[in-house]
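> Both chains come to you apart, so use the hints to assemble them.
Going line by line, the protein sequences match chains A and B. Per our numbering, the very first residue in the first sequence carries number 1; after that it's consecutive. Per our numbering, the very first residue in the second sequence carries number 1; after that it's consecutive.
It should be emphasised that the hints constitute simulated quantities derived from the structure, not laboratory data. One or more of the hints may lead you astray.
What the hints assert, rightly or not - No more than 35 Å apart at the CA atoms, straight line, and that leaves these computed lysine-lysine pairs for DSBU-like:
id, chain 1, residue 1, chain 2, residue 2
1, A, Lys412, B, Lys508
2, B, Lys105, B, Lys191
3, A, Lys195, B, Lys230
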Amino acid sequence: ELKGNKYNKNMIFIQIMLIINSFTPPPPNDQFQEEMVIRPLYSGDIYASFQFRTQWDTDFLHDGKKVSHYRLFPKSLGQVLSKFSVRELHISFTQGYWRTMQWGQPFIPSPPGAELWVWFHHTVTDVDGNWKELTNVLSGIFCASLNFIDSTNTVEPSASFKPLGLGNATDHRFLRYATLPREIVCTENLTPWKKLLPCGSKAGLAVLMKSEKLFHSSFHSQAVHIRPVCKDWQCTSTAWELRQTLNVVFDLYTSGQGKKEWSLFKMFSRTLTEACPLASSSKIYVDVTDNPGVNPLISTAVVLGDRRTYSVYDLTKKETFGQLRSLNLLLRWKGENDMLRPPLHAERYVSGFGLQKGEIHTCLYNSHPYRAYPVLLLDSLPWYLRLYVHTLTVTSKTRENKPSYIHYQPSKDRLRPHLLEMLVQLPPHSVTEVTVQFERALLKWTEYTPDPNHGFYIGSSVISALVPSIVAMDTNSTRDRPLFSSFFPTKEESSYFMRVYTEPLLVNLPTPDFSMPYNVICLTCTVVAVGYGSFYNLLTRTFQVDEPSAPLAKRLANIIRRLRGVPLL
Amino acid sequence: ILLKPLIMKITRRGRNAALAIAAVVIVVGIPLWWKTTETYRAWLPFSQIGELDSLQLQLSVEVEVVFSRGTLIPELQKKVPLTETREQEHQVDAKTGLQYRYETKYRTATIMEDDALNQPTAQEADLSLHMLSESACGSVVVYIIPETSTLLPEGVTVYVGQRRTALLRTTVFQGRGGLKEVLSALHPLVKQVVDTMSFSHQDILASLSDRMRAGQISKESLADSMRAIKSSPGYEITFSLLNPDPKSHSLHWDIEGAVHSYIQPLLDKLTPIANFSVDSQILYYAVLGVNPRFDNSVSAYTLNADSLAHVINPVEARLGSNAASSNPVLNFLLYVPDARHSPLFIRDRSQKEVPSNAFHSPRWGGIMVYNVNDMYDSKAEFPVDIDISMAKVMGVFLAQLRLLLGVQKTQPPPGFLLQSPGSAGLADWELDRLLWSRSVENVATASTTITSLAQLLDQISNIVINDNIAQQVSSAVMSLHAALAELEVGDLALALQYSQEAILASEKAFFDPSLLHLLYFPDDQKFAIYIPLFLPMCVPIVLSLLKIGNEVRQRRADKLAKRD
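If we strip away everything but chain B, and leave its shape as in the complex, we get (with noise of 0.2 Å):
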């Protein structure tokens, strides 16, 4: 009966001490365990990112429509100049949005305009009119002619000209109906000059491909953009010229010149969409993947096109990497077949020769067959020197370099005309397409670079995340939402160069090295380590405060009951 008290107390003091340890642990240890074992991490601005995920583009273009004298009748002369807008939304897909701006000048030429417009042919027309006036890249200048001008051949009604006009022949419009009817009849031509040349839903469409699940876009443009090499700030082009046979042939190739005549005008042209570097080297006793069939009815040797798809890895080995940049190369090949297996052609899936004797590989290069067995007869002494025509070889690869970096062969809409592009390789709305296109592109790209970066750090909570890259991707962010607003208001020059920008600083935050470091700390080891520490303090802990918690609601129920 003494004793009960004291052990009353020894208990209590028992039960104090047991809960004093466990709110210690609890208030102090785990803390501390926590802020010492943490990963830095440092803030990324998560939901801006969250808002990039679901994208809505919105492409402006400025299109100014000319009257020249005598398409309009007098009493609606008066009432241009107009400025009209016509917006078209798609929703892609649940994440991406589009909508495009049409921004519509009605006005009535002026009197040099028409002079211009007075030339004898519709190039002259189109070179005066340029002088006239430069219009700024992204938009489009429709003249309208009367049908009875000349300047068109019989047929056609749209001229696309080297620069950023267009010139469509319509008929009078009489007074029927006022300007609105007038204006509403010509839209349907208007917009199909526009979507020729800067963009068309599709080739939207294709190019917003890394985000979109097949089917959704039409096979034509799909083909077209993964032929294109992928956007980035600089390629390397490599001209190689294979010469397997050189007992037999002894080649010379006026690459340099070549070069300069042919392909740097292009890639002048090019200069605001990327860097090139262009080099050449002559690789000796290098042969293709296959074997070339001989075809006794054409007394040559042949390849089909089932076979050229292994014709490029053991080449590809020759070539070598180049060792001095790490941007994109495109490999432009011409194989001068060893004598005794000459001449060789290249043969399509129906069997018929390809007239240029080349073929390309999307997003590689392409290769060009040069025969040289009719250059000599065969008592020529060995080697025989040989010069190479480099107009004919630079013809058929400035095609397909023009195809490898997406200046997509438009297929025009009946009755249209495009003049060629000329020396310089590629013409202004030329330019213009691939800049919409390629902005686009790489608006995509970052973002679903960013998108991706951010869900991957979400979910793998070991990965450090250090200062620098914090800084790269909220530049990232920054340049896109820039070159969103860009595009937006129709500048396209500067959305292009936010875009570039943003895609250069989200992949260099995507690969920094860094974020791999803690990345394969498997937790099982963790806890190997924690266990022999955490067990034996844990255990006694979670064991007492159980038997508190047992005691106490022990003792509620024999209150209750003494109540009762």
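Bound-form chain A, shown alone (with noise of 0.2 Å):
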């Protein structure tokens, strides 16, 4: 046995010293493209969107074998994955809120603040503290507050989040759902988001994000979304896809003393010089729809329900830097066609006076001229704000307008949020009010925050929906297109996935003195003492009738009458 051991060694050995000898580099089973989208917007504003792909042919699902080799995909983030048993993970960091009628349609929409939610493998017994540790786990890395999430904001959506990639998982109990309005999202965050590229911010698209220009924006968002997808074509077996993307809305138009003028070089104040070495494809789309004749290198896409024109750059080629060998983008346009106005959009607010009632108006419009269509809307509120659910009323046309599907789960004090999910149909050219009317509740004193007059956020809804396209949508997923339009998936040419989200809300509740506690404290005991201090004279002291004593002018008189010598009275 022994022997056979040690022959085995040998062949071992053997095998390798051939690889060596007869070498040529194996085809990589990992492969990584960037690409940026510049759009102009009806506003004046500039949109630049950026899309990294890492997609890897491996399986960290798999049993027994496990994955620890790592070359393009980041290593911190394939342990949490295989760690944590993850089969679908999106968190996304924004700054700002996207104004869906001014701006139209972001490519991946996100809420203020920070978003997670998570499929969990099926094989996962213990979601509740898989999630719990994923969420420190993810708040290490992307140096976020994460860490804050707990069951007082963890939802289970039962229709709202569907799997992005393969596998069409339908128990939600496997899902997570959390948000966090009030995170702020700066430059700590997003040097971490930069680390998980291949290349870093050293070379590539991403030489362009330079911290102090995309903090100085509208909008910023930055997102990981992690999912399993078809390998090839035929999609016989999975690779898992991390995308991280990164959407900026520029205000130009003011900054640049209202000329409808941009380029690179103003935006990130950064040329481009290569593309990232380890990329097998890297491009700049630039939006001239509006702007037809600028470039020659143009090539049309279906997005978002609209039809739009490009102008492309592809960074791998030498003759996009020209003799320069730097890369500055710069258009001016005339821009004065009216924008395709989204076809759905949604607003919020609070209603109500004092602080003990109040109200949440959900406006849903849908802008179709004719197409009726149904969406889905999630809401979930922290426990105290107490629901009068009995109150729900949703109204379109000032006609009663009956949910055909309504998931209310209750919410619990101090361990879990209302989950309100509905279906409504809105009728074409319309606006849908949802209104429910709730109680703020009275927190304990160590529950505020540590500034409770600025009030309380509470998070954006959600609304999903199948929006009717104007033109037909592309559905044939294996043709090679550009990653902005890939995101998610088309199945039916007539309709194409949207989803919008509301404005976080902004709740005041009712909020103590907090010294309180130690002003009752003293004048608890000052009361008792006073009290006790009384009874215990009369108990211990003895009362006894006293010699008048000369009255005070006259002990005045005699004093002065002492110092003066003159005798007493």
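Written out as structure tokens, the structure reads:
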């Protein structure tokens, strides 16, 4: 047996030698693509969207064999995926609110603050335990306060968040969704995010990500999406896809003295000199639909229900950079065309007065001229807003609009939030208003935030819908498409998936005076002490009749007399 | 005159009332306040922990000395088998004592063992002896072979094999003086063998370095113990390939195969000590923290030994911590210098090039520089595909890993020949050495943790001690006692297991977050809350008690005066 062992070792050694001798690099089983889209917005702002996609043909969830050798895929995320048996992970950090009515639709929507939703593998037994640990680990990786995610702000949506990757898991016991609307996004979140890229910020499109420019903007959103996808068009095996996206809206119109003109250098104060050498494709798309005839390198794509024209710059080609070896795009545009109004948008506000009761209004706008379509509305409200669900009304065009599906999970104090999901049919060209009343709860004094008078943030509502498309959508998933148009899978030509987030709410809760406990202690102690003192005196002192002493005037006169040496009175 | 009894009565009533109130406050009020503001403190075995503070370690080694044919004259052969126990005691400091027990069994070789010793080479003899009987973990078998034996090369007196056996060559003992003299003549050599194969006093002292002041341990063993990573139930080993120049070099390394064939056998051997997990990554655009200097004389870039200290920090930011576990990480970096800064050589303090072109950082890991500039000519098309020779790299990393794990490169005494561990990467006796020092280190660490925890809890009476902490502490103390007992018996595997349990439980108790809750509630704030109640209540009571005391004394003085 021992000899056999030795023989095996020799064999391995020989095999290694063979590999070394006849070396040709094996085809890598991972690839990296980078892409940037620049779209001038109707309002005069510039929307820049970066997407970085790493695809790795491996299986983290495979039993037995551990994946532990990483090349392009970041090791820290890979370890998290395999340790917590994560099937799909979506995390976004957003500063600012996406103004759908002025800017149109974003390529990948996200709510203000931090949002995290995770599908766990169906073999996980303790989903809540995994979720808790996962949020803590992610909070370390992204330098964010995701550790504040606990059972009081986590929900299991039944219909709104379906897996975006392969596999049609429907059991929402393995889904967790949480938002932190108050999370402030800044450089310390961007740095670890950039570190996940194979080229870091040393080469390729990520060179443009200078934080003082990125955060000097009207909207900033960075996200990480991990999901299993098909390895090839036959879909015989699965691969893991990591998409890192970063969306920024620059307000160049006001800062550029009203000139409709932009350039890469103006936006990022950098220019491009090379693609990331590890990227298999590296492209810049500039939306020239409203300014045709600028550049010959044109491609068209159907994205978000609209056919757009792009001029494409391929960074892997040398001629893109010209003689100066640096790429700086500059564009002036007339841009008087009307924006395509997004068919769906929503807003939300709190009404009512005083600190006892209030009412949440959610308005859903269907601007499609003749098509009605259903939308899924998800509301996750903290327990300290006590919802009166019997007051829930849905009205469109002054008539009651009964939701065809309602999923309501009542809150438990200090344990779990309210979850309200409903399927509402939006009539064409209409406003549908969803209202519900609530009562503000009194918190324990340790439960208040450090600045309670600022108010409490309530996360955005999520509206998901299949919106009818004006142009035919591209359902052929095998065709090579730009990354920004391939995130949400499209199954039919006539409609596309759209997700809209409303504004987060800021609700005031009745706030006590926080020095009160000490004041109360002092006051009661004083009262007790005074009562006790007089009681004690009554019990222990004796009272005697005393000789009446001389009146005050006489005593004063005597003192003066004594000083003067005159006989006393 | 009529008023006087009345006044007397009234004052007596007042005095009684004051006394009664004071009594109520003292008998009911203070205990009630004490009870309601008390922090919960579960019972801890303080007396047992106190005993642990002064550690008396007893280590037992089983040694078997086998006389092969022709090493003992027949008269003496009749007197063996024989068992002898030697003890050695060291008082390290006021709180630590060591006692070594060597239970030595002397016997003559069996026929089969004699046959095995007749093999042509020492290595084969070692293997066949191992096939005959497997010795227990922690024990040592010494075969005495005659001087005429050709097993060992010239000038070598002792051969230490890959298992737990050693061959010792001596002259044939003549009849003079009897067995006792023979054995005592043999003893110094056997002791040297045992010191090499199980533990020496210096090794044990180095393992106890947690408990001791510096200066008591020899510099060499201290350096060894400081280099080795601290004992832990698990380790993460990360291999990182740093490619600062992906535009010029497209690097390929077969890390999976290399780990399987070079690292895994060693780790498999080490499973009794800890769990290991291995992973690897490739980092692009990762640069070292110092700019290497170009040396015209060798037309190469050089890194001096003094600047190596600054190399690691900037790289470490890129390595990323292990998100999924909290075990200590051992990093092994393979740095391929960029095309414009190649070749790069590391120089030691005497300005000589280090042949392996690698260095290690204690308790952190190792870095190796791998020059690729001679694998292509300047006309090559970039990026150049380069395959890294893993045999060369892993040889260096394996040596570094052995150092960092505390498998010391023992300097054998003169005349000793140590068989290289071969494909397993670790000889059995090396594992034993590691087990001895790890068990002692664990016992020392766990006992210091537990005693300092007990001290802390004793000093700060504000800390709440929950039941789970008390349970952890008791189980740590129990495991410690068990580990000590196993060391005394000489069962090394169990001793290590118990000592690891002790460390785990003690650290869990020490770092329990519940211990922090009331730690920082300052006394002045507490009394700021109490004073509005306590001051107005206590002042009248104390004053009236003083007054009553004065009156009583006055009356006694009056009585005495009257009597006089």
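> Would you mind marking each hint as holding or not holding in the structure?
Hints, one by one, checked against the model:
1. Lys412(A) x Lys508(B): Since the Cα atoms of Lys412(A) and Lys508(B) sit roughly 33 Å apart, the hinted pair holds (cutoff 35 Å).
2. Lys105(B) x Lys191(B): The hint holds at about 13 Å.
3. Lys195(A) x Lys230(B): holds, 30 Å
Hint violations for this structure: none, all hints satisfied.
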